[in-house]
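Visitor: Sequence:
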Amino acid sequence: MNRIEKISILLGDVALPLMGYLFWNWNFYFILLFFMLDQVARTVFLPWRLKLTTLSSQEKNVLILRQFMLLLIELLVIHAAIYLQNPQVNFGKEVISFLTYKDMGIQQGFVLLPLVIASEWMRINNELKMGIVGLRQVQIINQNKRNAFFRIGFFALLSGILNLVVLPEWGLVAAFLAFITLLVFLPNRKSL
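Take 1 as the starting number for the sequence shown in this note's numbering and just add one per residue.
No lab work stands behind these hints, which were simulated from the structure alone. Every residue gets a Cβ at the ideal spot worked out from N, C-alpha and C, and that includes glycine. Certain hints may be false.
Capping the alpha-carbon separation at 20 Å, the derived lysine to aspartate or glutamate pairs in EDC-like fashion look like this [to be verified]:
#1 LYS51 <-> GLU169
#2 LYS6 <-> GLU169
#3 LYS145 <-> ASP13
#4 LYS6 <-> GLU127
#5 LYS51 <-> GLU94
#6 LYS60 <-> GLU120
#7 LYS60 <-> ASP103
#8 LYS145 <-> GLU120
#9 LYS51 <-> ASP103
#10 LYS6 <-> GLU120
#11 LYS145 <-> GLU127
#12 LYS129 <-> ASP13
#13 LYS93 <-> ASP13
#14 LYS93 <-> ASP103
Simulated restraints, written as ranges between beta carbons of each label pair [stated by the list, open to error]:
#15 ALA118 <-> VAL165: 13 to 23 Å
#16 PHE110 <-> LEU164: 24 to 34 Å
#17 ASN163 <-> TRP24: 22 to 32 Å
#18 GLN139 <-> LEU182: 31 to 41 Å
#19 LEU18 <-> VAL40: 16 to 26 Å
#20 SER97 <-> GLN139: 15 to 25 Å
Using the sequences and the hints, build the whole thing.
Guide: Following this line, the structure appears as structure tokens:
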């Protein structure tokens with residue numbers, strides 16, 4: 001991952017949620033919804049990303065299934081952590097609140113959903129233009145898979161801690177954003 005990609009990830013996945021928490025009264029679950037939306041888009045667009053590889057159709061199908069399973073596990077572990085932190089949370093109400101949150105008079109769902117889709121589509125097109133295909137594309141997919149395992153581990157550990165003690169929301173936000181920052185700077189490996 002080059003320096004520009006790291007800066008882009010840090011701005012989108014760390015700086016924006018931090019600003020949301022500090023200035024727009026986003027809670028921890030609100031930040032996680034923002035983050036999960038990006039992970040869902042990345043997984044949904046995986047078949048298009050796989051077109052840039054030389055993997056067989058069977059290998060592609062296995063990889064897609066694994067990614068969807070990892071996403072499902074990650075979503076379940078995140079929701080378990082949120083429930084342990086706040087058993088009174090109403091997930092449906094929080095999702096509606098997230099999508100209908102108004103900034104500058106516009107509900108963010110109308111802006112954010114197309115923006116996330118366009119962002120992932122542009123990321124794939126830019127990788128194609130830069131010649132990131134074949135083995136390099138497989139490395140990116142493997143890096144995303146590795147990061148999903150780390151995120152699942154982080155939220156499983158967080159769930160375990162929250163099962164024992166209640167942590168303040170600012171501590172959860174700080175731990176999550178520090179963890180995401182750490183993931184950006186982990187060295188790349190060829191595969192898992």
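Visitor: Next step is simple, just say for each hint if it's right about the structure.
Guide: Consistency of the hints with the structure:
{"no.": "1", "hint": "LYS51 <-> GLU169", "in the structure": "41 Å, violated"}
{"no.": "2", "hint": "LYS6 <-> GLU169", "in the structure": "26 Å, violated"}
{"no.": "3", "hint": "LYS145 <-> ASP13", "in the structure": "17 Å, holds"}
{"no.": "4", "hint": "LYS6 <-> GLU127", "in the structure": "15 Å, holds"}
{"no.": "5", "hint": "LYS51 <-> GLU94", "in the structure": "36 Å, violated"}
{"no.": "6", "hint": "LYS60 <-> GLU120", "in the structure": "19 Å, holds"}
{"no.": "7", "hint": "LYS60 <-> ASP103", "in the structure": "40 Å, violated"}
{"no.": "8", "hint": "LYS145 <-> GLU120", "in the structure": "16 Å, holds"}
{"no.": "9", "hint": "LYS51 <-> ASP103", "in the structure": "37 Å, violated"}
{"no.": "10", "hint": "LYS6 <-> GLU120", "in the structure": "16 Å, holds"}
{"no.": "11", "hint": "LYS145 <-> GLU127", "in the structure": "18 Å, holds"}
{"no.": "12", "hint": "LYS129 <-> ASP13", "in the structure": "24 Å, violated"}
{"no.": "13", "hint": "LYS93 <-> ASP13", "in the structure": "23 Å, violated"}
{"no.": "14", "hint": "LYS93 <-> ASP103", "in the structure": "18 Å, holds"}
{"no.": "15", "hint": "ALA118 <-> VAL165: 13 to 23 Å", "in the structure": "41 Å, violated"}
{"no.": "16", "hint": "PHE110 <-> LEU164: 24 to 34 Å", "in the structure": "41 Å, violated"}
{"no.": "17", "hint": "ASN163 <-> TRP24: 22 to 32 Å", "in the structure": "30 Å, holds"}
{"no.": "18", "hint": "GLN139 <-> LEU182: 31 to 41 Å", "in the structure": "20 Å, violated"}
{"no.": "19", "hint": "LEU18 <-> VAL40: 16 to 26 Å", "in the structure": "22 Å, holds"}
{"no.": "20", "hint": "SER97 <-> GLN139: 15 to 25 Å", "in the structure": "38 Å, violated"}
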